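Dock the two chains into a complex; use the hints.
So the protein lines, in turn, are chains C and A. 515 is the number that the numbering used here gives to position 515 of the first sequence; each next residue is one higher, with no gaps. Count along the second sequence starting at 1, add 1000, and that's the number in the numbering used here.
Think of the hints as simulated: they come from the structure by calculation, not from any bench. Nothing here was measured: the structure is a model prediction, and the numbers come from that model. Here a beta-carbon is modelled for each residue, glycine too, at the ideal position from N, C-alpha and C. Do not rely on the hints blindly, as some may be mistaken.
Said to hold, decoys possible - Quick list of in silico lysine-lysine cross-link-like pairs, DSS-like style, CA-CA up to 25 Å: (1) A/Lys1174 x C/Lys371; (2) C/Lys215 x C/Lys196; (3) C/Lys116 x A/Lys1135; (4) C/Lys366 x A/Lys1174; (5) C/Lys352 x A/Lys1155; (6) C/Lys183 x C/Lys471; (7) C/Lys371 x A/Lys1177; (8) C/Lys543 x C/Lys180; (9) A/Lys1052 x C/Lys311; (10) C/Lys215 x C/Lys245; (11) C/Lys183 x C/Lys140; (12) C/Lys369 x A/Lys1177; (13) C/Lys369 x A/Lys1174; (14) C/Lys116 x A/Lys1139.
Stated by the list, open to error - Taking beta-carbon pairs under 7 Å as the criterion, some of the chain C residues facing chain A (in silico): (15) Ala110; (16) Glu114; (17) Asn115; (18) Met123; (19) Tyr379; (20) Phe381.
Single-letter residue listing:
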Amino acid sequence: MSIPRIRVSQLKLFYEDDQKQPILDELNFELKDHENLLILGPSGCGKSTLTHCLNGLYPRELDGAMQGDISINGVSANNFASGELSLQVGVVFQDPETQFCMLTVADEVAFGLENKGIATTEMDVRIHEALGLVNMTAYKERVISTLSGGQKQKLALACILALEPEILVLDEPTANLDPKAAKEFIQTLDQLQQKKQFSLIVIEHQLDGWVSLIKRSIMMNTNGQIFFDGILHDGINQHRDRLEKLGIWIPRATKIALAIEKQGAYFFNTLPLTINELASYPISYNGLDKKKTVKADKRLLLKARDISWSKRNTSIIKQTNIDLYHGQFVAVLGANGSGKSSLSKLLAGIQKPSRGTIHLDDRPMKNWKEKDLRKKIGYVFQNPEHQFIADSVFDEVAFSLRLQEYSEREINNRVEKILNQCQLTGFDDYHPYTLSQGQKRRLSVATMIVDDQSLLILDEPTFGQDAHSTKQLLHLLVERYNQGTSIVMITHDMDIVHHYADRVLVMEKGHIVLDTTPEQLWNYPVGKLNQWQLELPKEVELKQLQQKDVGYVHT
Amino acid sequence: MFIHNVNPSIKAITIILSVLLLALVFDPITPFLFIIWIWFLTIGVAKINWKKYLLYFSPFLIFAVGMFWSNLIFANEPINPNAAITLFGRDFPTEDVNTALSLSLRILSFASLSLLFLLTTNIVHFILSLMQQCKFPPKLAYGILAGYRFSPMIKDELFLIRSAHRVRGVNRAKTLKEGFNQYKRFAVPLLASSIRKAERTAIAMESKGFTGSRDRTFYRQFTVTTKDWIFLLGMVAVLLILIIMSWQLGYFKWYNGEL
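Isolated chain A, as found in the complex (with noise of 0.2 Å):
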C-alpha cells in the first residue's frame, strides 16, 4: 500500500518528472527496463490486479504496436544499411528497428507512468491534496469534485431523455445528419437539467458558508513526509541508473526529434 499512500501531489509530480527525463532519452533499453519496474512497483507493490491492469493497458500496447510495424515499414532510409536484424522472415536495418521500438516503449513507459498514478490514486485526494500542497484556488477544486459528482447522473438522464424521445416517436437516426439533429436535441433537457443542477449545486455551497476563499482547514490532511520525498528521489534515481546503464551499454541517445 506504500504507493496508494504517496502524497498525491507528489505522487504526480514525480510521474510528471519522470515523463520529462524519458522524453528526453531515445533508446530502446532505457524504457523498456523503466516499463519493467513500474509494473513491478504496480503489480508487485501496489497489488493492483493483473487482469484489471491488462485491460487498461491493452489500448496503448495496441497504439504501441501499431506505432512500431509502421515506423519499421516506413522508415527513413539508413544510414548503415548493411546491419539487419530478421523480423517476421524480413531483413530490417538495425537503426530501424532500434528507432521504432524506442518510439514504441516510449508510448508504453509514459502509459505505465500514468497508469500507475491513476490505479494508485482517489481522485478526490488528489484534487484535495493539490488546494493543500500546490495553492489550487479551492474554487476551482470544489467545482471539479461538484461535477465528478454530477457525471454519472448526466449518464443516467441521457438514457432516460433518449427514452423519453422514443415514445414521443422520435425514430432512430440512420443517417449521420439525423444522428446530429438527434444529439442536438438530446442537448437542450441535459444543458437545461445540468444548469439547473449547477445553480442549485452552488447555492447549496454557498450555504454553508463556502466563500471560495483559501482560508479554510482541512478534514482530510495531506502532508508531506520523508516517505514521499523518498519516493520522488528514489523514481529518479531509478530512471538515472537505467540511464547510466543504458549508456555503458552503449544504447544511449539524446532524444532528437524523431518520429
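Next up, chain C with everything else stripped away, as it sits in the complex (with noise of 0.2 Å):
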C-alpha cells in the first residue's frame, strides 16, 4: 500500500478569540497520488483555514489552538522546517491582486526559485517553462499591474508550478474572475493535469466549470465539519436537498433538474451535472417560473444624450445615449474594459461626463444639488466596505435620515422597516466591518435604499458571494423592483439577467452596441455572444440542446 499524499487525521482548529467553536472540527481525510480532490463547502466554513494548515503557515502563524496531526508523504508536518512544506504543497489563492512582491513576471516567478535556492544559471529555463505550461510566455517582461485579473491567476499558478510541488492546492482561484476568465483558467489547468502529474486539491463554493476535472470531493457544512465524502455525483445526489441550504453552489443544470423534479415532470436517479448531462433526458422544459412582471411604466426617468468621457486621455466612453424608464430592471453587460462601470458612475451622477448631457426627471444633471441627486439614485459599490462611514449598522442606515433631520422616532421606524427587508435584523449594534460577506453587501445596498431613491445603480453585486447570500441579494431586489424602483446591474452572470432583467445594454469599447430583451440577445449568433464575452444562461442552453436534438431526430 502506497503512502498517500495528505493524509489529515482528528484536525481540529480553534481560534483564540473563540475557544468553544471550532473552525474546523474533527477532519479527516487523505489524498492519494495524483488524486483530485475538491473541498466544497460554503463561505466561512473554515475551507481557508484547511489551507493554511496544509501549506504549514499554521500552526506557525495560528492565534489559538490545533490539534490533530497532518502528514505529508507520510511525514509529520510538525517535522518540516519553516518554508520547506509550502514547497511540496503550492497554494493559489483567491485574490489576484495580492499574491505578488515584485513588480514584473519574470522576477515574480524567481521569487519562488529564489527562495528555493534554484542556481542562478538555472533560472531562466525554469520560468520559461512555468509559463509556457499556462501559456503565458509571451508576458515574461511585462509589468504585473498591466495584466488582467485572469492572466493574474495564471501567473500566481506559475509562480507556485515552477517550484514542482507535489501536491496543488486552489483556494477558490476563480472566486474574484469573470466567468470567461473563470472557464480558461480551469482549461488551463485541464491541459496542465496532462502534461504533468501532481495531486489537485480544490477548495471552492461553486461546482460550475470543476465537474468535468474533479470526480471525489468532501462537503464541508458551517460548522467545519466534513458531511460527505466520495464520488462527486453521489454526494449531490444524497444531499441534493441540502446543498443550497448550506450555501453551496450547485451545478446550474442540477438546479434545473431539481426544480424539474419539484414540478414533478421527472425524478432523477442520478442527478445531472453538466447541461449536456441534462439534456440527454427525456424531458421537455419550459422554463422556470420567471419572477419577472413586466410593467408597462413609459415615464422617462433619466435621458443621456451624447455623453463621452475620457480619462487619462483614452476616451472611455463614447458617444452614449440612452433613456431610463421608471420600473425598469436593466442589466449592463460586456467584457471586462468595456466601460460599464464608467458608464454607470456617469448615470449615477458621481463622474461628469466630458461631454453630453444628462437629465434627471426632465432636469439637466447639473442644476441637481448633490444632496437632491442622492435621494433620487442609489450607488452601490463593488466593494461594500468603501461606503461604510458609521460605527454601527444602525447607524450607517440612519445616516442619511439624520442628514435630513428626521425626528428620531421615524429615524427608528424607517431603520428597522429597511434592516429586516434587508434580512439585518438584530444586527443594529455590530460594526460594518464585523459582518459576514453577504450581511456587509445587503447593509451598502440599504443605506442606498433607505430614502426610497428611484434609481439603484449596482457594480457587480454578486461578484464573489456564496449562493445563500446571492439569492437573500437578488430577493431584496425584486422587492425594491416591485416597489417601483428601477435597477441598473452591472453583471456576468447570465443566469440572473434571464431571470431578473426585463432590458439589457451590451457594452463595447466604450459603446452600446445593443439594447434589447434578454429574450431577444439569447437568439443572437453564438460567435457574436463570444465576441462581447456573453455566454447563454444555462436553461436557454437547455432549450437550444434540446431543439438541435429534436431536429436532429426528425431529419
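Structure below.
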C-alpha cells in the first residue's frame, strides 16, 4: 500500500477569540497520489483555514489552538522546517491582486525559485517552462499591474508550478474572475494535468466548471465538519436538498434538474451535473417560473444624450445615448474594460461626462444639488466597505436620514423596516466591518434604498458571494423592483440576467452596441455573444440543445 | 548608459561620499563647478531628457533662489564692508554674496546629485543590490518591494472611497475640522483593506517558500566590477580636483557652521 500524499487525522482548530466553537472540527481525510479532490463548503466553513494548515502556515502563525495531525508523504507537518512544506504543497489563493511582491512577471516567478535556492543560471529555463505551462510565455517581461485578473491568476499558478510541488492546492482560484477568465483558468488546469503529474485539491463554494475535472469531493458545513467524502455525483445525489441551504453553489444544470423534480415532471436517479448530461434525459422543459412581472411604465426617468468620458486622454465612453424608464430592471453586460463601470458612474452623477448631457426627471444633472441627487439615485459600489462611514449597522442606515433631520422616532421606524427588508434585523449594534460578506453587501444596499431612491445602480453586486447570500440579495432587489424602483445592474451572471432583467445593454469599447430584451439577446449567434464575452444562460442552452436533438431525430 | 549600469549600491555610496565631501567645503566655486559636472553626466552621459530634468530640478531651484535672497537681505554684519558687489541696482558686501551663493549652490549640488541617482536607478534594482552587496535583510527588502507595488493601488482606492462616501451624502469638507474628520473616515476603510492586502500578500509570499533567510539565490544578480570602482573613484577624484582648483583660486574655505 502506498503512502497517501496527504493524511489529515482528527484535525481540530480553534481561534483565540472563540475557544468554544471550532473552525475545523474533527477532519479526517486522505489524498492519494495524482488524485483530484474538490473540497466544497459555504463561505465561513473554514476552507481557507484548512489551506493554511496544509501548507504549514498554521500552527506557526496561528493565534489559537490546533489539534490532530497532518502528514505529507508520510511525514508529519510538524517535522518540516519553516518554508520547506510550502515547497511541497503549492497554493494559489483567491485574490489575484495580492499574491505578488515583485513588479514584473519574470521576477515574480523567479521569487519562488530564489527562495528555493535554484542556481541563477538555471532560472531562465525554469521561468520559461513554468510560463509555458499556463500559456503566458509572451508576457514574461510584462509589468504585473498591466495584466488582467485572469492572467494574474495564471501567473500565480505559474509561480507555484515553477517550484514543482507534488501537491497543488487552489483556494477559490476563480472566485474573483469573470466567467470567461474562470473558464480559461480551468481549461489551463485541465491541459496542465495532461502535461504534468501532481495531486490537486480545489477548495470552492461553487461547482460550475470543475465537474469535468474532478471526480472526488469532500463537502463541509458551516461548523467546519465534513458531512460527505466520496464521488462528487453521489454526494450531490445524497444531499440534493441540503446543498443550497448550506450555501454551496450547485451546478446550474443540477439546479434546473431539481426544479424539474419539484414540478413532478421527472425524477433523476442520478442528478445531472452538466447541461449536456441533462439534455440527454427525455424531459420537456419550459423554463422555471420567472419572477419577472413586466410593467408597462413608460415614464422617462433619466435621459443621456451624446455622453462621452475620457480618463488620462483615453476615451472610455464614446457618444452614448440612453433612456432609462421608471420601473425597469436593466442589466449592463460586456467584457471587462468595455466601460460598464464608467457608464454607471456617469449615470449616477458620480462622474461628470466630458461631453454630452444627462437629464434626470427632465432636469439637467448639473442643476441638481448633490443632496437631492442622492435621494433619487443610489449607487452600490463593488466593495461594500468603501461605503461604510459609521460605527454600527444602525447608524450606517440612519446616516442619511439624520442628515435630513428626521425625528428620532421616524428614523427608528424606517431603519428597522429597511434592516428587516435586508435581513439584518438583530445586527443593529454590530460594527459594519464585523459582518459577513453577504451581510456587508446587503447593508451597503440598505444604505442606498433608505431614502426610497427611484434608481438603484449596482456594480457587480453578486461578485464573490456564495449561493445563499446571492439569493438573499436578489430577493431584496426584486422586492424593491416590485415597489417601483428602477434597477441598473452590472453583472457577468447570465442566469441572473435571464431571470430578473427586462432590458439588457451590451457594451463594447465604450459604446452601447445593443439595447434589447434578454430573450432577444439569446437569439444572437454564438459568435457574436462570444465577441461580447457573453454566454448563454444554462436554461436557454438546455432548450437549444433539446431543439437541436429534436431536429436531429426528425431528419 | 554607463551611469545607468553602475551597480546601484556603489552608485549610492558614491553619491553619499560626494555629499559628505561637499558638506565640508564652503565656497561658491567648488559646488558651482561640480553642479556643471553633474549636469554634464546626467544630461550628456546618462541622456536624461533635459525638459524632464528641469521639471524635477525646478523646486530645488526655487528653494535655492529664495535661500540666496534671504541670506543676502538678512546677512550678518560684514567684517569687511568696503568690498561690495552691485546686484539688482543695490550694493551688497562681497562676503555676504559669497556666503549666500555658497549656501544656495550647496543645496543645488545636493539636489543634482540626488537626481542623478534617482533618474538613473531602478528602485527595484537598488533594493536587490542592497541585499546582495550591503547585506540588507531580505525580510525588509521584499517588504519594501511589496509595499512599492501597493502604492498606486492605494491611490486608486482612496479615489474610490471618496466617491463612495460622496454617494452616501457626506458633504465636501469646508472647514479644516471637517476636512480632518473626513480623512479620519477615509482612513478606516483604507487601513482595513491595506492590512488585509498586506496579510494576504505575506501569506502568498510565505507560500512560495519565503522565510526571510539570507540564504537565497538571485535571478537578477548584481556584482561589483571594475567599472563601478572607476565610477566611484572618478567622481571623488573630480570633486577633489575641483576643491584644489578653488583653493588655488583663493576661494576655498572649510565649512564653519554658516547659515
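Next item on the list: Let me know if the C-beta of C/Glu114 comes in closer than 7 Å to any C-beta of chain A, holds or violated.
Entry: 5 Å, holds
#### Entry: Restraint status (C-alpha distance of C/Lys116 to A/Lys1135 at most 25 Å)
Measuring from Cα to Cα gives roughly 19 Å; hence the hint holds.
C/Lys352 and A/Lys1155: Cα distance at most 25 Å? 20 Å, holds
Once the shortest beta carbon distance from C/Met123 to chain A is found, is it less than 7 Å? 5 Å, holds
(Q) Hinted pair, alpha-carbon criterion (25 Å max): C/Lys366, A/Lys1174. Please report holds or violated. (A) 20 Å, holds
_Between the alpha carbons of C/Lys183 and C/Lys140, is the straight-line distance 25 Å or under?_
OK: C/Lys183 and C/Lys140 at ~22 Å, within 25 Å.
Check: Keeping to a limit of 25 Å between CA atoms, is the pair of C/Lys543 and C/Lys180 held or broken?
Finding: 22 Å, holds
Regarding the pair C/Lys369 and A/Lys1177, is the alpha-carbon distance no greater than 25 Å?
Cα-Cα ~23 Å, so holds.
**Asked** Holds or violated: C/Asn115 as interface residue toward chain A, Cβ cutoff 7 Å?
**Response** 4 Å, holds
Does A/Lys1174 pair with C/Lys371 here, judged by a C-alpha cut-off of 25 Å? 15 Å, holds
**Q.** Given pair status - A/Lys1139, C/Lys116, alpha carbons within 25 Å
**A.** 15 Å, holds
Worksheet entry | Distance restraint between C/Lys215 and C/Lys245, which requires alpha-carbon spacing of 25 Å or less | 23 Å, holds
Every hint from the earlier list agrees with this structure, and none is contradicted.
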